[in-house]
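Chain Y: place on chain W using the hints.
One-letter residues, chain by chain:
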Amino acid sequence: MTEEGGHGNARASRMGMWLFLFTEMLLFGGLFLVYAVYRRGHPEAFHAASGELSLAFGAGNTILLLTSSLSMALAVAAFERGLISRALALIGGTIGMGLLFLVNKGLEWSVKFGHGLYPGAAVLEARDPGERLFFSLYFAMTGLHGLHVLVGAGVLGAVVVLVRRSGATAERHGPLVENAGLYWHLVDIVWIFLFPLFYLIT
Amino acid sequence: MRPEGPSSRALALVWATLVALTGVTIAVSRLRIPGWSVPVALGVAAAKSSLVLAVFMRLRDEDRAFKVMLGVAVFTMAVILGLTFTDVAFR
Numbered sequence: 000m001t002e003e004g005g006h007g008n009a010r011a012s013r014m015g016m017w018l019f020l021f022t023e024m025l026l027f028g029g030l031f032l033v034y035a036v037y038r039r040g041h042p043e044a045f046h047a048a049s050g051e052l053s054l055a056f057g058a059g060n061t062i063l064l065l066t067s068s069l070s071m072a073l074a075v076a077a078f079e080r081g082l083i084s085r086a087l088a089l090i091g092g093t094i095g096m097g098l099l100f101l102v103n104k105g106l107e108w109s110v111k112f113g114h115g116l117y118p119g120a121a122v123l124e125a126r127d128p129g130e131r132l133f134f135s136l137y138f139a140m141t142g143l144h145g146l147h148v149l150v151g152a153g154v155l156g157a158v159v160v161l162v163r164r165s166g167a168t169a170e171r172h173g174p175l176v177e178n179a180g181l182y183w184h185l186v187d188i189v190w191i192f193l194f195p196l197f198y199l200i201t
Numbered sequence: 000m001r002p003e004g005p006s007s008r009a010l011a012l013v014w015a016t017l018v019a020l021t022g023v024t025i026a027v028s029r030l031r032i033p034g035w036s037v038p039v040a041l042g043v044a045a046a047k048s049s050l051v052l053a054v055f056m057r058l059r060d061e062d063r064a065f066k067v068m069l070g071v072a073v074f075t076m077a078v079i080l081g082l083t084f085t086d087v088a089f090r
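Quick note, the sequences are listed as chains W and Y, same order.
Start counting the first sequence at 0; every next residue gets the next number (numbering that gives the first Met the number 0).
Start counting the second sequence at 0; every next residue gets the next number (numbering that gives the first Met the number 0).
Calculated directly from the structure, the hints in this document are not laboratory data.
These numbers were taken from a predicted model, which means no experiment stands behind them.
Every clue listed holds true.
In silico SDA-like pairs for lysine to any residue, Cα to Cα no more than 20 Å straight-line:
1) Y:66 <-> W:23
2) Y:66 <-> W:14
3) Y:66 <-> W:10
4) Y:66 <-> W:16
Only chain W is shown next, with the shape it has when bound in the complex (with noise of 0.2 Å):
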């Protein structure tokens, strides 16, 4: 392989990665647009379901994903500069801060569970049809992006398993650190859209 074909083959792969990651923005449109849609119709009762979220953990939650992208930004960096190990301790923080979001999210979803509030419960069929829309979406949502998180945590994993084992050099591997960055800092976009229309809308 000559070195220009390398390159180029390392510019298709990363096309290929944003090709896809363009997939799950259409994903998470349609999401919106049924939010955005109800939001609509019945205002008041988004408002007030809103409050009942958490902002700390909402808030809190935002700051670690941010925080774990710059550490997988700073990783695809080391990486490219041949800095492996440095690269895989940031990747392993990344995981690390990815993993805390998902124990946050399970600890305010089970507050949630354990006031009644998840679609099917006696307590939130009783309420109004607008605050009931609220939170199955908030659960849909919230959810659908969890499980990206978790997926996103295994890819990760997988890399710096992957670049363990087979001796990684900057210029093998760094198409697949860099795809991996790309899907990890895509599913923190998602996060930066969900944030203010689920905990801020109060």
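Just chain Y now, kept in the frame of chain W:
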């Protein structure tokens, strides 16, 4: 070939800006100014995403094809949202 990626210092600076913007959007929502909470929240979220896309995801270092692709995706979403609201808004 792409130019070299952003320095650690630049990445840390972007992170600090993202955290500061999170503070801004929370503070503005606490003020409860009628009619402003959604535009400010979406504006700040758009600014934060642009920073992540441009620097963390290195879109600014990519060639034009990547930016055109992002433009097409964003345009598609805008059309879907816009057309839906031409229906919903006039019911």
